[in-house]
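Generate the whole structure from the sequences, applying the supplied hints.
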Amino acid sequence: MIETFTDINYSFFGLLNQGPLTLSLFLHLLVVLPMFWIYFQEKKRLESEN
Amino acid sequence: MSRKKVSVWSDNRFWQRSATWVTGFASLLLIWLTFDTMGQISMGNQKDIDNHVVKRVPSATVINYKVEYNMNNHRGHEVPVIGGDDGKGNSLFKVKEKFFGRDDYSQKEADALLHLGKLASQAKNCMDCHTLLGNGAYYAPDLTKAWLDPAWGKNGPMQAMTGKSTKEEAMAEFLQHPGKYPTHARMMPNLGITPKEAVGLVAFLKHMATIDTNGFPRGFGKIKEGVVYAKTK
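Those protein sequences? They're chains A and B, same order as listed. So the first sequence is numbered by my numbering: it starts at 20 and just counts up by one. So the second sequence is numbered by my numbering: it starts at 4 and just counts up by one.
Take every hint as true, because none was put in to throw you off.
Which bits of chain B does chain A cover? Going by a derived footprint, with three or more residues having C-beta under 8 Å, they are:
1. 16-29
2. 35-42
3. 54-60
4. 69-82
30 Å max Cα-Cα, derived DSSO-like pairs, lysine-lysine:
5. B/K50 to B/K111
6. B/K7 to A/K63
7. B/K8 to A/K62
8. B/K157 to B/K167
9. B/K69 to B/K111
10. B/K91 to B/K101
11. A/K62 to B/K7
12. B/K91 to B/K157
13. B/K183 to B/K127
14. B/K69 to B/K199
15. B/K199 to B/K127
16. A/K63 to B/K8
Stretch by stretch, here's where chain B covers chain A in the computed footprint (C-beta under 8 Å, at least three residues):
17. 30-37
18. 53-61
Everything labelled a hint here was simulated from the structure, so no lab data went into it. What you are looking at is a predicted structure, and each value in this text was computed from that prediction instead of being measured. Glycine included, each C-beta is placed from N, C-alpha and C at the ideal position.
Dropping the structure here:
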């Protein structure tokens, strides 16, 4: 999925963008994963409130 | 203790926190990307060429050098090759090429020429029909690698049509009198480009062809069938 980095300038985003959808998948993971954490935190709060 | 059934999905706070997270993260990402890009697209200078430093956007003085678009196996696509090829698709920065009879444009002169070309391209609104580096229209040919288009080369029809013996002179002549040289069903209108502006525009085009666009457009200039060659006597 991730190939050897061959771009002129070294870049973190360029590194993630070496395969199909790799940058997109990574960024979506970063966005979605903390939402699970928020979800369970809020669930816990609601359960303890009621 | 038995757990109560709660609905997180209909809870306001969950959505508020999620929206805050997504917006905040996206903003930080955009700021990071901006600085990341700025480093990558900063223009080089003659010192970089002298030291054989490959820049994505090279110095304006590349107009003094021979420019090719060759396959680089390491990169896996074609790259602009400046001043000769080492055989592996890397620039040698050695082989010069006359540009309007000169190959000794100083940094200052080359910068001024490119600046004039850029202003002219904006004043004449090239992007109304053409595409430059992915921006613009596709009504007329993409100009990103126009300098490397074989139609303007030694065996292409444009030098014969304009009666000029070099690529840059043929381009400058065409730009000043596009109506005289019907190349396309969609003819370029006469935009009143002055001789000085035409030189600037050609310098602008030559420099643009040396910008590393990660191999876009692929195989450019290799599809010989796409070019109608002038019949030589």
